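*Asks:* Can you build the whole structure from these sequences, using the hints too?
Protein chains: 2
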Amino acid sequence: MEKEDMKELLELVDNCKSVILGSVDGQGYPNAKAMQKIVHEGILCFYFSTFTSAIRTRQYLSNPKSCLYFFRSEGKVAGLMLTGDMEVLTDAGTKQKFWEDGWKVYYPLGVTDPDYCILKFTARSGNYNCGPKRLLFDI
Amino acid sequence: MEKEDMKELLELVDNCKSVILGSVDGQGYPNAKAMQKIVHEGILCFYFSTFTSAIRTRQYLSNPKSCLYFFRSEGKVAGLMLTGDMEVLTDAGTKQKFWEDGWKVYYPLGVTDPDYCILKFTARSGNYNCGPKRLLFDI
Numbered sequence: 003m004e005k006e007d008m009k010e011l012l013e014l015v016d017n018c019k020s021v022i023l024g025s026v027d028g029q030g031y032p033n034a035k036a037m038q039k040i041v042h043e044g045i046l047c048f049y050f051s052t053f054t055s056a057i058r059t060r061q062y063l064s065n066p067k068s069c070l071y072f073f074r075s076e077g078k079v080a081g082l083m084l085t086g087d088m089e090v091l092t093d094a095g096t097k098q099k100f101w102e103d104g105w106k107v108y109y110p111l112g113v114t115d116p117d118y119c120i121l122k123f124t125a126r127s128g129n130y131n132c133g134p135k136r137l138l139f140d141i
Numbered sequence: 003m004e005k006e007d008m009k010e011l012l013e014l015v016d017n018c019k020s021v022i023l024g025s026v027d028g029q030g031y032p033n034a035k036a037m038q039k040i041v042h043e044g045i046l047c048f049y050f051s052t053f054t055s056a057i058r059t060r061q062y063l064s065n066p067k068s069c070l071y072f073f074r075s076e077g078k079v080a081g082l083m084l085t086g087d088m089e090v091l092t093d094a095g096t097k098q099k100f101w102e103d104g105w106k107v108y109y110p111l112g113v114t115d116p117d118y119c120i121l122k123f124t125a126r127s128g129n130y131n132c133g134p135k136r137l138l139f140d141i
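Chains as they are written, first to last, in my numbering: chain P, 3 to 141; chain G, 3 to 141.
One thing to keep in mind: the hints can contain errors.
Copies of one chain are not kept apart here, so a pair can be met inside one copy or by any two copies together.
To be verified - The calculated lysine-lysine pairs, modelled on DSS-like cross-linking and capped at a C-alpha distance of 27 Å, are:
hint, residue 1, residue 2
1, 5, 106
2, 135, 106
3, 122, 9
4, 78, 5
5, 5, 39
6, 106, 39
7, 5, 97
8, 106, 19
Treat the hints as calculated values from the structure; they're not laboratory data.
No experiment lies behind these values; they were computed from the predicted model shown.
*Replies:* See below:
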């Protein structure tokens, strides 16, 4: 990918407060939910904190296939879809690495709360649209 | 569902300019794309115009399982996911019914352009979140 294109993609990613997570449910239907990203490494890896008991977490445990969708509806409309696989990380080291104290509101037991886990998305391909520009790419 | 809840859901739907469409690709990965709804009947049926040659149209032809996701990120954050099935309608009557003259930009041959088709989504279940409120329902 051209350097300028990657810069444009990363700007979209960085400016999106929310990202839509896609999953596949037990009946084979696509599901979608908005979440806030916490940390990402370029467009390759994205981390999210969530409830171990959440519907989506259970879906990823039985089917890791997922997608992320970044969308800008104001100004120059643009969309970036990344497809890839989602891991559910529950080990103490990972949970500690990403923990923020403000999260006690969600996870009363703190960093060791069994209902707190980290989702790690690793991208395999992408589809970017912005005006007439369209990029399909593998990662 | 309570009347007040349905009113709240419909307000979210009506105020969303864009809706995220979910599909499942040939490798079983969920896909997502923002589109503009053109007509809807409550939360049961939604219609979209699109290209017959689009990736998503081909996905729905081989796997009609889909979802719609309506999301409000400003003010009172809310999300509504509807899962259901997507039909690809290419008959002359349906194409005429929804046609708008401004679409000649996209479909140069007009209403009979073979690359113009209508997607019809029929919902089967829903998942609504707004603050502490959460509704899971069948349709």
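*Asks:* Hints first: check each against the structure and report whether it holds.
*Replies:* Hints, verified against the model:
no. : hint      : verdict
1   : 5 x 106   : neither (40 Å within a copy, 35 Å between copies)
2   : 135 x 106 : between (43 Å within a copy, 20 Å between copies)
3   : 122 x 9   : within (23 Å within a copy, 36 Å between copies)
4   : 78 x 5    : within (20 Å within a copy, 38 Å between copies)
5   : 5 x 39    : within (24 Å within a copy, 34 Å between copies)
6   : 106 x 39  : within (18 Å within a copy, 39 Å between copies)
7   : 5 x 97    : neither (34 Å within a copy, 42 Å between copies)
8   : 106 x 19  : within (21 Å within a copy, 35 Å between copies)
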